[in-house]
Amino acid sequence: MTDIKQYLLLRHRDIAGLDQLETYRQSGGFEAFQKAVTGMQPGQVTDVVKASGLRGRGGAGFPTGMKWSFIDNKNWPHYVVANADESEPGTFKDREIMTYNPFQFLEGLALCAYAVSAHEAYVYLRGEFWQVAAILDRCIAEMEAAGLLGDKLFGTDYSLRLHTHLGAGAYICGEETALLESMEGKLGQPRLRPPFPPSFGLYGKPTIVNNVETLTNLPLIIEKGAEWYRSYGTDRSPGVKIFSLSGCVNKPGNYELPLGTTFRELIYQHGGGLPEGRKIKSIMPAGASSSLIVATEEALDTAMDYESVPNVGAQLGSASVIVIDDSVNVAWLIHKTIEFFKHESCGKCTPCREGTYWMLHLTERIAGGHATSQDVELLHDVASQMKGKCFCALGEFSIEAVLSGIERFPQDFEHE
Amino acid sequence: MSKLVTLTIDDKQVTVPEGTVIVDAAKKVGIDIPVFCYHPKMEPVGMCRMCLVDVGRPVIDRATGQPVLEPDGSPKVQFGPKLETACTTLVSEGMVVVGMSEKVKAGRKDVLEFLLTSHPLDCPVCDKGGECPLQNLTMGFGPGESRFLYDEKMHLAKHVPLGDLIFLDRERCIQCGRCVRFQSEVVDDPVIGFYNRGRKLEIRTYSDPGFDSYFSGNTSDICPVGALTTVDFRFGARPWEMRTTASICTHCAVGCNLAFNVRREAKAGGDIVIKRAMPRQNEQVNELWICDKGRFGYHFAESGGASPLERLAQPLVRRGGELQPASWDEALRLAAEGLHQAGRELLALVGGRLSNEDLFNIQALAQGLGGKIGLDTYMAGGDLVSQVGLGQGSNLGDLGQGSAILVVACDLEEEAPIWWLRLKRAVERGASLIVANPRPTKLERYAAHILRYGYGSEAATVAALLDAIDGKQNAANSGIKAAAEAITGLGNLVVVYGSEGLGLQGSQALAQACANLLIATGHFGQPNNGLLAVWPHANDQGAWEMGLRPLPDLPAALQAAKALYVAASDPLGDDPALAEALRALPFVVVQDLFLTETARLANVVLPALPFTERDGSFTSGERRVQRYYPAVLARPDARPDYAISGEICKRAGVEAEISSAAGVFARLAEKVPAYQGLNYRMLAQTAEQWPIVGRPDVYYGGTAYENTQGLGVQVKPGAQDGPPPARGALGAAPALPLQAGERLAVPVTRLYDHGSTIAHTGLLHARTPAPYVALHPGELPASDGAEVQLSLGGQVFTVTLRLDEALPAGVVLVPRSLGLPLRGPQAVELKVK
Ligand SMILES: Cc1cc2nc3c(=O)[nH]c(=O)nc-3n(C[C@H](O)[C@H](O)[C@H](O)COP(=O)(O)O)c2cc1C
Ligand code: SF4
Ligand code: SF4
Ligand code: SF4
Ligand code: FES
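Residue numbers (numbering that gives the first Met the number 0), protein chains in the order written: chain A, 0 to 415; chain B, 0 to 832.
Simulated from the structure, these hints should not be mistaken for laboratory data. C-beta: ideal position from N, C-alpha, C; glycine also. Be a bit skeptical, because a hint or two may be false.
Stated by the list, open to error - Some but not every residue of chain B turned toward chain A, in silico, with C-beta under 10 Å: (1) Phe-35; (2) Lys-81; (3) Lys-199; (4) Met-681.
Stated by the list, open to error - Heads up, simulated DSBU-like pairs for lysine-lysine below, C-alpha to C-alpha not over 35 Å straight-line: (5) B:Lys-11 with A:Lys-185; (6) B:Lys-561 with A:Lys-386; (7) A:Lys-386 with B:Lys-81; (8) A:Lys-185 with B:Lys-152; (9) B:Lys-423 with A:Lys-386; (10) A:Lys-185 with B:Lys-199.
Could you put the whole structure together from the sequences, leaning on the hints where they help?
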């Protein structure tokens with residue numbers, strides 16, 4: 000069992016009262032930020048992050064330092080936005096961080112802002128997170144009062160202000176360009192890319208969008224260095240990751256583990272296994288956006304990192320691991336995921352807007368037991384027709400469970 | 000010129016500028032890649048996914064940077080795993096596009112099938128049916144049967160009035176966003192938008208009144224399905240039943256090219272009727288757009304024969320004090336006798352709505368009898384436009400980086416909507432815009448420099464700008480200096496002047512100041528340089544070219560005359576104070592469509608034909624001579640103005656051409672210097688335009704866009720190839736001493752006014768305001784919307800008061816043609832009722 004002796008991200012589990020500025024500072028808080036602002040060039044901060052191999056925790060796993068280095072230095076001002084939309088079903092890690100370890104996250108955000116010379120940074124929260132926003136607002140006010148935000152920080156010329164922004168509760172607003180549209184007061188629909196946010200972001204200005212968890216890694220990376228960080232996880236997926244475990248397990252919850260930990264360890268050792276008498280049937284490693292992994296022994300022994308999960312026909316994504324047991328009918332399950340995607344499709348592009356609507360009618364019939372075998376075939380056709388044609392990843396996510404469910408669990412679609 | 004890129008599309012090689020998207024490159028070589036959301040005049044969005052194609056790119060060896068070659072020596076091309084949208088993908092060197100493979104065709108079928116799941120499939124009753132991209136593409140690529148259960152279709156509202164001109168059918172909308180993007184990107188009236196999400200995504204209007212924009216009708220053209228329809232066309236006709244005739248809008252000096260769709264109709268007793276007006280592509284004039292006044296404003300020509308608001312049905316002559324029907328022969332004889340008798344004391348008064356041919360024959364009559372002729376207008380300076388107007392080959396669409404544009408005394412969106420739109424685009428292409436006006440206007444959103452002056456200082460402001468350019472520092476304030484710097488050194492300068500706050504004297508002085516600026520800086524006689532006058536009528540410039548001038552003092556001229564011949568003008572309707580002078584005239588002939596106020600006093604009334612029932616030519620503000628053609632059959636008892644005047648000429652012993660408009664034009668081309676060598680055939684010539692419209696794919700709009708009947712000819716201004724023009728004196732500013740209790744009133748122009756064409760077009764009434772005056776809130780102890788009494792030229796009018804913070808203090812703004820006779824700046828009294 001790969002035990003982490005100390006939490007890096009969920010440090011509030013080790014240190015009581017970490018959501019108090021004083022406690023956080025006593026535990027070394029804001030030293031990294033001060034060190035960076037007073038002792039490092041912005042580019043040096045980016046270099047350390049690059050060297051650490053940190054990859055974005057929002058789902059795509061894009062190397063964080065590389066993203067920062069794409070920022071357009073000919074166009075000013077720059078902005079940084081923390082993606083706190085956390086809307087993937089089964090993902091609940093950012094919320095725990097922001098609620099109980101808010102300062103580490105905000106310090107990470109401040110570090111990112113310094114690294115790209117931004118003087119304004121935002122936290123974009125899903126609308127339902129209004130209580131979390133209140134916590135962050137309180138923290139920001141305390142940081143301002145303590146001179147950790149504002150003008151001429153630590154006696155340098157660097158100034159920084161942080162702001163929270165509540166969305167209206169749309170999954171698509173977690174997609175970074177839809178998020179930016181929403182922040183600009185527009186309808187939350189993704190933008191055509193390229194240009195990507197580092198060259199054309201908020202109000203058309205170069206912008207870095209990073210996930211909350213990604214940012215929360217930064218203070219320790221700057222404080223302890225890239226080499227230290229790389230001592231966790233795998234070579235290509237370094238560091239720790241919070242796995243949100245849910246579904247048919249005894250102990251659902253957030254588990255901070257090194258990347259590369261196996262599904263088996265997460266589910267059985269940390270998660271306490273499945274309830275008595277149940278057998279594991281499938282795993283969805285990336286929430287509703289996942290393909291359904293057939294829970295073979297080989298699959299259970301697969302390492303949860305960005306490179307290995309594709310070997311069993313899925314993606315790591317946001318690492319929200321949903322365990323499906325033998326009591327669950329896959330036809331019912333994909334009906335639930337399609338309900339979600341049909342509800343969340345932004346409607347901008349034809350295949351997703353129409354396809355999710357059509358699939359819902361089909362899964363409703365199939366899950367309700369009113370379907371013919373042609374309906375299952377048609378559902379597979381409709382999903383295949385959407386593949387590769389959607390404007391953004393939401394539409395492509397919506398068919399993952401459908402296609403893998405029908406292909407890998409045909410018995411659940413058989414009719415008398 | 001940007002770099003050129005060569006690629007292959009379906010085995011055809013094409014070379015296009017870098018930055019071109021694949022759909023456009025394909026168009027160039029005759030390949031129509033299906034699109035819905037893409038429109039060549041708007042930024043691509045890639046939403047509908049209809050244009051998916053297979054795109055291959057040459058493989059480049061990372062080490063050498065050289066293309067990898069196949070065994071046969073051709074470059075190795077790598078295709079991506081996914082199809083790409085041809086509307087958003089930029090061309091690149093060596094690219095290979097496959098638009099017709101089974102994979103691509105399957106992709107099109109897939110996207111169409113998705114669209115059709117939500118579509119009501121009511122083509123049989125849909126206005127777009129027959130020219131509908133969705134219908135056409137379904138025929139071409141769509142599935143043959145429906146796998147979606149009909150009962151699961153979403154049912155939505157089918158008759159949603161977005162405003163009083165445009166209806167939305169929510170079931171038919173395919174959410175392509177063209178309408179929304181047109182309103183925000185092209186015309187900057189973001190009054191409609193998407194609401195909600197997913198399958199619930201719908202178009203809504205956010206303005207009050209709904210869809211409040213002068214350009215709303217264009218959305219019905221570019222909507223790729225029958226979701227947006229105009230009130231006057233919906234359920235009116237099927238596209239294949241209609242023929243198209245070319246016309247020119249008569250509502251302002253832009254001269255937008257129109258297409259009238261017509262058909263024979265049982266309802267009309269088998270007559271041909273106009274079913275709709277659409278823009279006709281002329282990239283040098285109106286591109287693919289028209290304003291709503293042009294689209295809906297033709298209805299005036301259709302009015303029947305009964306009420307006084309209706310068109311004159313036959314000639315009338317005064318017998319025993321009453322106007323009574325008469326034969327053409329009698330009416331023409333009486334008119335000829337009366338006018339002939341007056342001889343040198345004949346006064347002809349003509350409006351700028353008349354065609355070149357009409358004006359020419361009326362001028363021939365007046366001159367032949369030794370009388371006078373005057374142009375009925377409040378705006379002057381056309382003689383200078385003849386000299387230093389836009390150089391031949393000018394196109395507002397070419398203005399951009401390196402061009403400066405000065406717009407002075409003009410609310411351009413109200414006075415010439417399409418010019419507003421084209422100058423906005425010019426700024427987006429990099430042109431430097433200077434707007435000089437006493438109050439803010441919408442155009443200022445795009446101005447690099449805003450010059451605010453007081454009403455009355457128009458010419459002085461432009462003169463100060465020239466002084467600043469000349470380096471005379473004394474008079475110039477910092478704004479003027481900055482504007483002067485913006486102009487200096489740029490390749491092109493176009494100066495646009497209007498009539499905001501001005502009468503004849505003021506506008507002549509302003510035109511002179513503008514001409515002086517152009518002359519002094521050398522910006523004349525070349526393409527994309529020169530003076531542009533924002534005339535109130537379609538052919539005002541044509542009248543000036545012919546030598547017609549406004550009468551400096553109309554009442555005095557009326558007093559001095561023994562006979563008055565009025566065509567396309569209504570002096571009494573415009574100003575009731577002229578009643579006495581008109582009544583005192585022994586003999587009045589009026590030639591018009593309607594029984595105007597002046598006509599009621601006339602001895603002879605002659606029914607003329609509207610532009611929809613005859614042919615002719617107009618000269619636009621840009622001095623482009625353009626032909627229009629009869630769209631419908633002429634009413635039996637009315638005649639074209641040139642023919643009426645020609646007949647009077649004949650009977651009065653004056654030589655004139657009456658056979659045809661073409662014949663009259665041949666004569667005038669000999670006499671009028673600007674038109675030397677022109678003929679009707681030349682005006683009817685066309686050339687290939689970009690974007691290409693009118694192919695069997697109707698993606699860039701409906702069926703009427705294609706221009707097959709003439710792009711017109713822009714004529715050279717005097718200073719192009721002629722002797723260099725000289726600067727002129729501005730003339731003294733008109734003195735307007737105010738007595739105690741008086742205020743200065745200035746006229747301003749509104750697009751929707753009570754002018755005769757709008758007054759007879761019921762559709763636009765809801766958008767036309769009641770008579771009002773506007774002033775700064777501090778000026779009068781009354782609240783917005785109060786009734787006030789305006790004393791003007793000895794008459795008292797009750798009007799609504801509008802208070803507007805943005806207006807300068809000390810003036811009363813009086814909109815033109817809303818029933819308040821103000822021809823120029825004037826002293827008035829204003830009392831709270
Ligand atoms: C439909 C959709 C929803 C997403 N939702 C989230 C989200 O809730 N939180 C998040 O951090 N990233 C989300 N992402 C990923 C973001 O677009 C973006 O990649 C991420 O915020 C970048 O941050 P990172 O590099 O730190 O991962 C979503 C992407 C898609 C396509
Ligand atoms: S795939 Fe299309 S409709 Fe779906 S969320 Fe993305 S842009 Fe919107
Ligand atoms: S109304 Fe027409 S133009 Fe507008 S989004 Fe719908 S289909 Fe497109
Ligand atoms: S801009 Fe002028 S010419 Fe063009 S349609 Fe409108 S009124 Fe007619
Ligand atoms: S996506 Fe290309 S035309 Fe709509």
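Tested hints:
A least Cβ separation of about 8 Å between Phe-35 of chain B and chain A falls short of the 10 Å threshold, and the interface hint therefore holds. Interface restraint check for Lys-81 of chain B: the shortest CB-CB distance to chain A comes to about 4 Å, inside 10 Å, so the restraint holds. The restraint placing Lys-199 of chain B at the interface with chain A holds, with a minimum CB-CB distance near 7 Å, inside the 10 Å limit. Nearest Cβ of chain A to the Cβ of Met-681 of chain B: about 44 Å, over the 10 Å cut. The hint is violated.
Between Lys-11 of chain B and Lys-185 of chain A the CA atoms are separated by roughly 42 Å; this puts the pair beyond 35 Å, and the hint is violated. Between the alpha carbons of Lys-561 of chain B and Lys-386 of chain A the distance comes to roughly 84 Å, so the proposed pair goes past 35 Å and is violated. For a cut-off of 35 Å, the pair hint linking Lys-386 of chain A to Lys-81 of chain B stands: about 9 Å separates their Cα positions. Taking the CA atoms of Lys-185 of chain A and Lys-152 of chain B, the gap is near 29 Å; set against the 35 Å cutoff, the hint holds.
Pair hint Lys-423 of chain B plus Lys-386 of chain A does not hold up; C-alpha atoms about 41 Å apart against a cutoff of 35 Å. At roughly 17 Å between alpha-carbon atoms, Lys-185 of chain A and Lys-199 of chain B fall within 35 Å of each other, so this suggested pair holds.
The structure fails to meet hints 4, 5, 6 and 9 from the earlier list, while all remaining hints are met.
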